[in-house]
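Using the sequences plus the hints, can you model the full thing?
These protein sequence lines map, in sequence, to chains X and W. Here my numbering is used: the first residue of the first sequence is 1, the next is one more, and so on. Here my numbering is used: the first residue of the second sequence is 115, the next is one more, and so on.
Treat the hints with caution; some may be incorrect.
From chain X, some residues computed to sit far from chain W (all C-beta separations above 10 Å) [to be verified]: (1) 27; (2) 29; (3) 84.
Computed from the model, here is a short list of chain X residues facing chain W with C-beta under 7 Å [stated by the list, open to error]: (4) 32; (5) 90; (6) 94; (7) 101.
Think of the hints as simulated: they come from the structure by calculation, not from any bench. Backbone N, C-alpha and C fix where the C-beta goes; we use that ideal spot for every residue, glycine too.
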Amino acid sequence: AQSVSQHNHHVILSEAASLELGCNYSYGGTVNLFWYVQYPGQHLQLLLKYFSGDPLVKGIKGFEAEFIKSKFSFNLRKPSVQWSDTAEYFCAVNAHNAGNMLTFGGGTRLMVKP
Amino acid sequence: DAEITQSPRHKITETGRQVTLACHQTWNHNNMFWYRQDLGHGLRLIHYSYGVQDTNKGEVSDGYSVSRSNTEDLPLTLESAASSQTSVYFCASSEAPSDEQFFGPGTRLTVL
Numbered sequence: 001a002q003s004v005s006q007h008n009h010h011v012i013l014s015e016a017a018s019l020e021l022g023c024n025y026s027y028g029g030t031v032n033l034f035w036y037v038q039y040p041g042q043h044l045q046l047l048l049k050y051f052s053g054d055p056l057v058k059g060i061k062g063f064e065a066e067f068i069k070s071k072f073s074f075n076l077r078k079p080s081v082q083w084s085d086t087a088e089y090f091c092a093v094n095a096h097n098a099g100n101m102l103t104f105g106g107g108t109r110l111m112v113k114p
Numbered sequence: 115d116a117e118i119t120q121s122p123r124h125k126i127t128e129t130g131r132q133v134t135l136a137c138h139q140t141w142n143h144n145n146m147f148w149y150r151q152d153l154g155h156g157l158r159l160i161h162y163s164y165g166v167q168d169t170n171k172g173e174v175s176d177g178y179s180v181s182r183s184n185t186e187d188l189p190l191t192l193e194s195a196a197s198s199q200t201s202v203y204f205c206a207s208s209e210a211p212s213d214e215q216f217f218g219p220g221t222r223l224t225v226l
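Have a look at this one:
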């Protein structure tokens, strides 16, 4: 069965620091990749997605992610975080020819100190 | 604007009781999903539906059931609630099975 790993469970940064959150998946076929964000007390919202084409994907609020097929990775980055980025971040993978179900990583809780 | 709503937003129930959580979407999406969110596990798929009268089991379907009688609604039923089912439940929908999913606000369920 496919799996999605987010190795950083908790990250604490100061404002203006750079952010990189890791995401690795196990499925070897064609995949659609997503990063969702969940602000405190709110539902999940899409940050960005990759289906095909340029492996560097830009999303909302200055976030970007890079798909590296050879490493089965889709890491999320932001050059300068803000206090308002405090949230939980989830990587998710949809594997074609594997039921088209979305598999989520365990999430990374980001706290940005003002 | 199209949206997904869930009700109730909070529910406390007792072990053994039947509980139904409602999910209603106005996106006119064929694909609907139920997840539970637990600390350290991310979101895990309970059941999903690709259209009216279609239902499928997800990763953690034991103790749960769904029915799909129309496009807009996918209620989730806990036949006999257990303390292990205390969780936050999210409903989602998508235009295509592999596409972006839109999530509801969640229902926090506590089983005592």
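**Asked** Is residue 29 of chain X truly not at the interface, in the sense that its beta carbon sits beyond 10 Å from all beta carbons of chain W?
**Response** 12 Å, holds
**Request:** Beyond 10 Å from every chain W Cβ: check whether that's true for residue 84 of chain X.
**Result:** The claim holds: residue 84 of chain X sits with its nearest Cβ about 20 Å from chain W, beyond 10 Å.
**Request:** Run the C-beta distances from residue 27 of chain X to all of chain W and say if the shortest one exceeds 10 Å.
**Result:** 13 Å, holds
**Prompt:** Holds or violated: is there a CB of chain W closer than 7 Å to the CB of residue 94 of chain X?
**Reply:** 5 Å, holds
**Asked** Do the numbers back the hint for residue 32 of chain X, that is, is its least Cβ distance to chain W under 7 Å?
**Response** At about 5 Å, which falls below the 7 Å cut-off, the nearest Cβ of chain W leaves the hint on residue 32 of chain X intact, so it holds.
**Item:** Interface restraint verdict for residue 101 of chain X against chain W (beta-carbon cut-off 7 Å)
**Value:** Status holds, d = 6 Å.
**Message:** Next item in the hint list is residue 90 of chain X. Is there a CB on chain W closer than 7 Å to its CB?
**Reply:** 6 Å, holds
In the structure shown, no violation is registered for any of the earlier numbered hints.
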